[in-house]
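Working from the sequences, and respecting the hints, build out all of it.
Residue numbers (our numbering), protein chains in the order written: chain A, 162 to 579; chain B, 119 to 379.
Because the hints were derived from the structure by calculation, they are not lab data. Each statement offered as a hint is correct.
Below 25 Å or equal to it, Euclidean Cα-Cα: the simulated DMTMM-like pairs (lysine to aspartate or glutamate) are:
(1) K516(A) - E155(B)
(2) K208(B) - D168(B)
(3) K348(B) - D243(A)
(4) K208(B) - E238(A)
Some but not every residue of chain A turned toward chain B, in silico, with C-beta under 8 Å:
(5) W248
(6) I393
(7) P397
(8) Y398
(9) K402
(10) L404
(11) M408
(12) V409
(13) L411
(14) S416
(15) F420
(16) N423
(17) P428
(18) I432
C-beta: ideal position from N, C-alpha, C; glycine also.
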Amino acid sequence: MSSPEFKNPVVKWIDHRLPVFSFMHHELHEYPTPRNLSYLWNLGSLAGLALVTMIVTGIILAMHYTPHVDHAFESVERIMRDVNHGWLIRYIHMNGASFFFIVVYIHIFRGLYYGSYKAPRELLWILGVLILLLMMATAFMGYVLPWGQMSFWGATVITNLFSAIPWVGDSIVVWLWGGFSVDNPTLSRFFALHYLMPFMIVGVVILHIIALHRFGSNNPLGIDVSGKQDTIPFHPYYTSKDLFGAMVFLTIFASAIFFYPNFLGHPDNYIPANPLQTPAHIVPEWYFLPFYAILRAIPDKLGGVLFMFGAIAVLFILPWLDRSPVRSGRFRPLFKLFFWVLLADCVLLGYLGGKPAEGIYVTLSRLATAYYFIHFLVILPLLSVVEKTRPLPQSISMPVTGAGMSAAPAAKRGKADV
Amino acid sequence: MFKRVSQIICAGGIAVLASMGGMAPAMAAGAGGDIVEHDWTFDGPFGFFDKASLQRGFQVYREVCASCHGLEYIAFRNFSDLGYSEAEIKAIAAEYDVTDGPNEEGEMFTRAAIPADRVPSPYANENAARAFNGGAYPPDLSLITKARPNGANYLYSLLVGYKDAPQGKEVPDGMYYNTAYSGNLIAMPQPLYGDDIELAGDGDTSIEALAEDLVAFLAWAAEPEMESRKRTGIAVMLFLFVMCFVSYGSMRYIWADIKKK
Numbered sequence: 162m163s164s165p166e167f168k169n170p171v172v173k174w175i176d177h178r179l180p181v182f183s184f185m186h187h188e189l190h191e192y193p194t195p196r197n198l199s200y201l202w203n204l205g206s207l208a209g210l211a212l213v214t215m216i217v218t219g220i221i222l223a224m225h226y227t228p229h230v231d232h233a234f235e236s237v238e239r240i241m242r243d244v245n246h247g248w249l250i251r252y253i254h255m256n257g258a259s260f261f262f263i264v265v266y267i268h269i270f271r272g273l274y275y276g277s278y279k280a281p282r283e284l285l286w287i288l289g290v291l292i293l294l295l296m297m298a299t300a301f302m303g304y305v306l307p308w309g310q311m312s313f314w315g316a317t318v319i320t321n322l323f324s325a326i327p328w329v330g331d332s333i334v335v336w337l338w339g340g341f342s343v344d345n346p347t348l349s350r351f352f353a354l355h356y357l358m359p360f361m362i363v364g365v366v367i368l369h370i371i372a373l374h375r376f377g378s379n380n381p382l383g384i385d386v387s388g389k390q391d392t393i394p395f396h397p398y399y400t401s402k403d404l405f406g407a408m409v410f411l412t413i414f415a416s417a418i419f420f421y422p423n424f425l426g427h428p429d430n431y432i433p434a435n436p437l438q439t440p441a442h443i444v445p446e447w448y449f450l451p452f453y454a455i456l457r458a459i460p461d462k463l464g465g466v467l468f469m470f471g472a473i474a475v476l477f478i479l480p481w482l483d484r485s486p487v488r489s490g491r492f493r494p495l496f497k498l499f500f501w502v503l504l505a506d507c508v509l510l511g512y513l514g515g516k517p518a519e520g521i522y523v524t525l526s527r528l529a530t531a532y533y534f535i536h537f538l539v540i541l542p543l544l545s546v547v548e549k550t551r552p553l554p555q556s557i558s559m560p561v562t563g564a565g566m567s568a569a570p571a572a573k574r575g576k577a578d579v
Numbered sequence: 119m120f121k122r123v124s125q126i127i128c129a130g131g132i133a134v135l136a137s138m139g140g141m142a143p144a145m146a147a148g149a150g151g152d153i154v155e156h157d158w159t160f161d162g163p164f165g166f167f168d169k170a171s172l173q174r175g176f177q178v179y180r181e182v183c184a185s186c187h188g189l190e191y192i193a194f195r196n197f198s199d200l201g202y203s204e205a206e207i208k209a210i211a212a213e214y215d216v217t218d219g220p221n222e223e224g225e226m227f228t229r230a231a232i233p234a235d236r237v238p239s240p241y242a243n244e245n246a247a248r249a250f251n252g253g254a255y256p257p258d259l260s261l262i263t264k265a266r267p268n269g270a271n272y273l274y275s276l277l278v279g280y281k282d283a284p285q286g287k288e289v290p291d292g293m294y295y296n297t298a299y300s301g302n303l304i305a306m307p308q309p310l311y312g313d314d315i316e317l318a319g320d321g322d323t324s325i326e327a328l329a330e331d332l333v334a335f336l337a338w339a340a341e342p343e344m345e346s347r348k349r350t351g352i353a354v355m356l357f358l359f360v361m362c363f364v365s366y367g368s369m370r371y372i373w374a375d376i377k378k379k
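The structure is reproduced here in structure tokens:
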């Protein structure tokens, strides 16, 4: 890659000594990107937008929030009522967590469908799973901060999971709590960690982007870029597309913030935390429900915890479970079918996680949990061997120019719109 | 081309809103009791508070609920939202006594409330409240419509839901039968009977009308920002719709040379 010629003498002077402008030019401007990316490739930049939104609103909230069991709930109400536009900042942050997860879950399922985790992008995928883990920890601790009933009891249930660890479990729980129950020391450390972890996420996101830029984006065809004719510069093509995607995302996000800000929350969290009164049903936020269902599906406490973390752990080794050389689900008829079954299975788990652990729900949770692991540990390795994949197109640019098969959505859209 | 995208965005937006609006009561239906779905002026994206109704609701709160239930997050100055003037708010506040201090001698003292004070709670603390109410704690009402599923409808149903217990249903001492309450046995005695209070200007004092005014007042107390939130929301949505079209157009313009090849 050649260094660009900068006209502005100041920019030139700086860039010669500190090549930040060259760096930005390479990575954001000329960065060669497959020309056939669909709208599903918008989700990465949307996740970045969500992360920045959360950090900015979070810092402002921290200026007004008091991490103390006697004042936390009231300080949140003061933000809602007395801080100028405090309700807006807080509702953005509160709903932002949900929308961050929506975007990231779509991003992950896009990666699953198009085989974005396969060589040479294994580390890119693993860093992504690490981001998901950090996000979950951050979201969990953030939910504790308003110190409502669900905050308190959610924190109690989840921290108690660590007591399942043999021998040292109980000591670990006391160490996590900073006492003998969820109390003020727990709240203040959760606040400190909730402030810290987003910046750890930023760090891993930077690594995620470095790994991405090593080989560039995967694409809907899942085949490698074969030359210049297959790529277009990131700017202005994908910057303009990402901008449009951001506007659509913000429109949906804003409709939740302004019109249904509490739809995704739980009413019990507007009741101040009361250690003497357990809510009828303790449920986590919706984005944890599939994992909560797995946790409760296993009759043994330690087993439940292991399976719950295993549901994430299995994603770390996914690149070595699915050995099929074909990336995109578009050319894998059987894989495609099982992908949709997995998606339905995860939605079912989410539904079951919100239901009481009784009767038919327990049986269904067990079946859905079993299928989740069977998909990754049995079906994917088997498919790599037995599946007969469809022939791959020769290159990305062929279908785009209309000369070959018309698998690329960009080509179809282009014609229909004229 | 633009039309198609606009249709998609509008349809998507409407679908999202409709599903959110439609699902909320459905989710709450599991609460246990019979919930009446009532039409509220504050429902939906264009919802607003009827100030006359809020004032009547405040009067119901003051004359009926306030003997047991606090309103701790509401300050008297907030009543300007109800349409009261500054002088009226001062007069309302002055009817309450609050404890202040310590003064220069180190003594706590009682004085008349001013607009900056919060509405005083009826009990010194939770234990006092429980001791006075046979062990039950009358919850603070400043967040009550947000703290219950389908809050406004639930509260309305609760207020009009006191009925004679059906044959065979045992109602212990100190409990009352209510069709809306989960389990149907509630420790709160029936608060409204209709014609409980005299409203200024021949207001309707049927139990339904009083309950409606009170719920509207409590909905305001829980979400005093609701009107400005929704008004801002309409403007933000209009802005974002325009930005969707503008950014879509600029994307198509930029991509035109790629598509022609």
